[in-house]
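A.B. asks: Protein chains in written order, with our numbering: chain A, 1 to 357; chain B, 1 to 248.
Some clues are possibly wrong.
[As the list claims (entries may be wrong)] Restricting the straight-line Cα-Cα distance to at most 30 Å, the calculated cross-link-like pairs of lysine-lysine (BS3-like) are:
hint : chain 1 : residue 1 : chain 2 : residue 2
1    : A       : K292      : A       : K305
2    : B       : K97       : A       : K106
3    : B       : K140      : A       : K59
4    : A       : K76       : B       : K196
5    : A       : K106      : B       : K180
[What the hints assert, rightly or not] FRET-style restraints, in silico, Cβ to Cβ:
hint : chain 1 : residue 1 : chain 2 : residue 2 : range
6    : A       : S130      : B       : P59       : 57 to 65 Å
7    : A       : E117      : B       : L88       : 32 to 40 Å
8    : A       : S43       : B       : G13       : 32 to 40 Å
9    : A       : N276      : B       : L178      : 57 to 65 Å
10   : A       : N311      : B       : K97       : 21 to 29 Å
11   : A       : T30       : B       : E181      : 52 to 60 Å
12   : B       : L217      : A       : L132      : 55 to 63 Å
[As the list claims (entries may be wrong)] Among the chain B residues that face chain A by a calculated CB cut under 10 Å, a handful are:
hint : residue
13   : G19
14   : Y39
15   : P41
16   : A173
17   : L176
18   : P179
19   : F197
20   : V198
21   : L204
22   : A206
No wet-lab data here; the hints were simulated from the structure.
Heads up, the beta-carbon is just placed ideally off N, CA and C, and yes, glycines get one too.
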Amino acid sequence: MAKIDLSNISHTYNPKDLEPTYALNPFSMTWENGKRYAILGPSGCGKTTMLNIVSGLIKPTQGRILFDNEDVTSQKTENRNISQVFQFPVIYNTMSVYDNLAFPLKCRDFEKNKIEERVQSVSETLNLSSFLKMPARKLTADQKQLISLGRGLVREDVAAVLMDEPLTVIDPDLKFRLRRNLKEINEEYKTTLVYVTHDQNEAMTFADNIIVMDQGEIVQVGLPKDLFERPKTTFVGYFIGSPAMNLFEIQLHTDNSVKINDTTIKTNTNLSKLKNNNIKLGIRSEFVKVAKDESENLVEVNIQKIEDFGNFKLLTTKMGQLTIKSKINREIEIANDKVKLHFPPEKCCVYQNNKLI
Amino acid sequence: MNFKHKYVFLFPGLFVLIGILIFPIIFTIRLSLSGWNSYTPEMNFIGITNYIRLFTDDPRFWESFFRLSFLSVTTVILQYIIGFALALIVWREIKFKRFFRVIFLIPMMTTPVIMTVIWRTFFHESLGPVNDLLGNLGVKPILWLSDPVIAKFTVIIVEVWQWTPFMFLLLLAGLLSLPKEPFLAAAIDGASPFRKFVYVTFPLMAPISIGAIIIRLIEASKIMDTVFCINFWRTRYSNRNFKFLYLY
C-alpha cells in the first residue's frame, strides 16, 4: 500500500522522430493510499500507457513516479511491488489453481504457512475455494480471470492493484458481484485499486475518483457526481452519461443569460467577461423536464420521437435545427406534438472553446 | 446443384488422390504379402510369410531399425535443444539481431551432399583439420569415419549442424508469435528468468515444439545422403559410380 505520485509524466512511442506524437501529454497527479481510481476514456486515449508507466512495463519519456516519496521511475516491474490484471486472463497453464495463486508468494520466498493462509483467504473472497486443486487451464474464462485477479490480491503488501479492463470477459451478473467484491477488498485491506475501463457505468459504480482521458490528455478528475453534473469539457459531457449531454451553440445575452435561437435561458454562471465566440450551453437530458408551472427558461419544441426504456421515457425533440433530448418519468403522457421544456438554471453549464466557465 | 455434377467436379481431385496416395499404399501392402522368384517372376501371394520372417529371422532389419531410431531421435533432440537456445538468444533485444538470424540459417541453405563431403574432409582421419587441431592439443587422432561407434556421432554432428537452423526458424517464429501478457504477468509476479522459462515460455511453446519435432523426426528417419556420403569412400561403389551423387 502506498501513495503514488506521478510528477510531470509524459510519454511518446516514437521519441526519435523530429515531431514525436505523444500518447500521454505532460501531467501530474497523486493517487492516495487505499482509494479506488478509475481511468476512463475511449480506445487509444492513453489509459493503458498510463497504467503501464505506473507498473513499470513502460518507462516514461519524461517525469518521475514516486511510491511513498521514493523514486521508482527506473525500477523494474518486479521491484515495484505492484500487481496488474490484464484484459484477458493470464494464468500458468501447467499449474493448479492453488499454485497459480501461490506463485507470486513463492517467487518472493514466503513461508509455506503464510502462503497457505493467503491463498485460502483470497480464494474464499473470489469464490475459488472449491477449484483449488483443479488444473487452472480447465476453468472457464471468467474463473481464469478471477485467478489473475487473485494473484494480484494475494500479496498483502502490494502498493497498488492495477486493472486493465479486467471484467471484459466476465458475464454481466458476475461483473456486478465482482465489482462489489473489489470494493469490499479495498475497504478491508485498504489496497489502492486502479481500474482502467472505457465503460462509464463500470467506472461510476466502482471508483471514488474518476480520471477521464482523451487523446493523451487528462480532461477531468473528480467524483462521479461532479463528472455527471459539471463536466469540465464538452468531451466529458459527451462521453459520460447516456444519452450524451445536450450541447447547443448559443449567443450571449446578459451577464447571466444566453440565447438559443430566440429563446432566453438564464444560467447561474457569470458570463460578463466572455466574448461571443464558440460558446456552448450544455444540459443533461436528465435535467431537462416537461414544463408544468415554470415561467422562465422554457423552450418550445416539436416532438420527434418518444422511446420507452421501461424505467424512463426518452424524448427526442427539435427546436429549429437543434435536437434536445429529455429523460422523463414513464408515467407522463405526451398528448401534443409540441411541448415546452424547462431548463433549470443551476443545471445549465456554459462552455467557451469547449471548456466549462 | 444437380447430384451428378458434384462427382464431376470432385473427380479430378479424387483421381489424383487415389493415384498418388491411396494406390501406392495399397500396392505396398499387397507387395509385402508377395514372394518372388525367377521361375515365376510375378507377385506371388504368400500371405504373411514376410512378416513372420521379419520378426523371427531378420537381424539386419532390426539392427538398421534401432540404428536409425538412435540416429534420428538423438539428432532431433540435439537440434531442438540447440535450436531453442539460439532462438531464445535472438528473440531478445540484442545487438546485430538480424545479422545473427541470417547467420544461423546458412547451414540449412546449403546442399546436404556438398556439405557432407566438406564435413568428411574436415573429419578425414589423416588429412583433415579436426584431427590436426586436436593433435596440437595433444589428443591422439580419432577415427571419425572408420570406427563404427564414432562414425555414428560424426553423422550426428553433421546432421545437427545442417538441420538445427530449421528447428531454430520454426521455434523463433513461434516465440515471436507469443502473446506479451503472460511474460508481463510473470515479471509482475516476481518470477526469475528460470521460472519464466519453465512456467511461461516452455508451456506456451509446447504446441509449436511438438510440430517442429514431428516434422524433423519424419525427415530424420529418411536420413540417407549424410550417412552414405560420410561413408561411401569405403564402399565398393566409391570410384565407379561417383556420378550418382548428382542425384542429391
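A.B. asks: With reference to the structure, classify each hint as holding or not holding.
C.D. replies: Hints and how they fare:
Using a Cα cut-off of 30 Å, the hinted pair A/K292 and A/K305 holds, with the two alpha carbons roughly 20 Å apart. Proximity of B/K97 to A/K106 is assessed by CA-CA distance (about 34 Å); at most 30 Å being required, the pair is judged violated. Restraint check for B/K140 and A/K59: not satisfied, since their Cα atoms lie roughly 57 Å apart, outside the 30 Å limit. Distance check on the hinted pair: A/K76 and B/K196 sit about 15 Å apart at the alpha-carbon level, within 30 Å; holds.
A threshold of 30 Å between alpha carbons decides the hint, and for A/K106 with B/K180 the separation of about 22 Å falls inside it, so the pair holds. A C-beta distance of roughly 59 Å is found between A/S130 and B/P59, which places it inside the suggested range of 57 to 65 Å. Distance hint check: the CB atoms of A/E117 and B/L88 are about 37 Å apart, consistent with the given range 32 to 40 Å. Checked against the hint of 32 to 40 Å, the pair A/S43 and B/G13 fails, with Cβ atoms roughly 46 Å apart.
Separated by about 58 Å at the C-beta atoms, A/N276 and B/L178 satisfy the suggested range of 57 to 65 Å. The given range of 21 to 29 Å is broken by A/N311 and B/K97, whose C-beta atoms sit roughly 59 Å from each other. For the pair A/T30 and B/E181, the supplied restraint of 52 to 60 Å is violated, since their beta-carbon distance comes to about 28 Å. Under the hint 55 to 63 Å, the C-beta atoms of B/L217 and A/L132, about 39 Å apart, miss the expected range.
With a cut of 10 Å, the hint placing B/G19 at the interface with chain A is violated, because the nearest CB-to-CB distance is about 44 Å. Checking B/Y39 against chain A by beta carbon gives a least distance of about 64 Å; that is not within 10 Å, so the hint is violated. Taken as an interface hint, B/P41 does not check out: its beta carbon lies about 59 Å from the nearest beta carbon of chain A, beyond 10 Å. Against a cut-off of 10 Å between C-beta atoms, the interface hint on B/A173 is violated, since the closest Cβ of chain A lies about 21 Å away.
A hinted interface residue such as B/L176 counts as satisfied when its beta carbon comes closer than 10 Å to some beta carbon of chain A; here the least separation is about 19 Å, so the hint is violated. A distance limit of 10 Å between C-beta atoms decides the matter here; for B/P179 the minimum to chain A is near 8 Å, and the interface restraint holds. Residue-level restraint check for B/F197 is violated (minimum Cβ-Cβ distance to chain A is 12 Å; threshold 10 Å). Hint on B/V198 holds. Least Cβ distance to chain A is approximately 8 Å, under the 10 Å limit.
Given hint, B/L204 at the interface with chain A, holds; its Cβ is 8 Å from that chain's nearest Cβ, closer than 10 Å. A distance limit of 10 Å between C-beta atoms decides the matter here; for B/A206 the minimum to chain A is near 9 Å, and the interface restraint holds.
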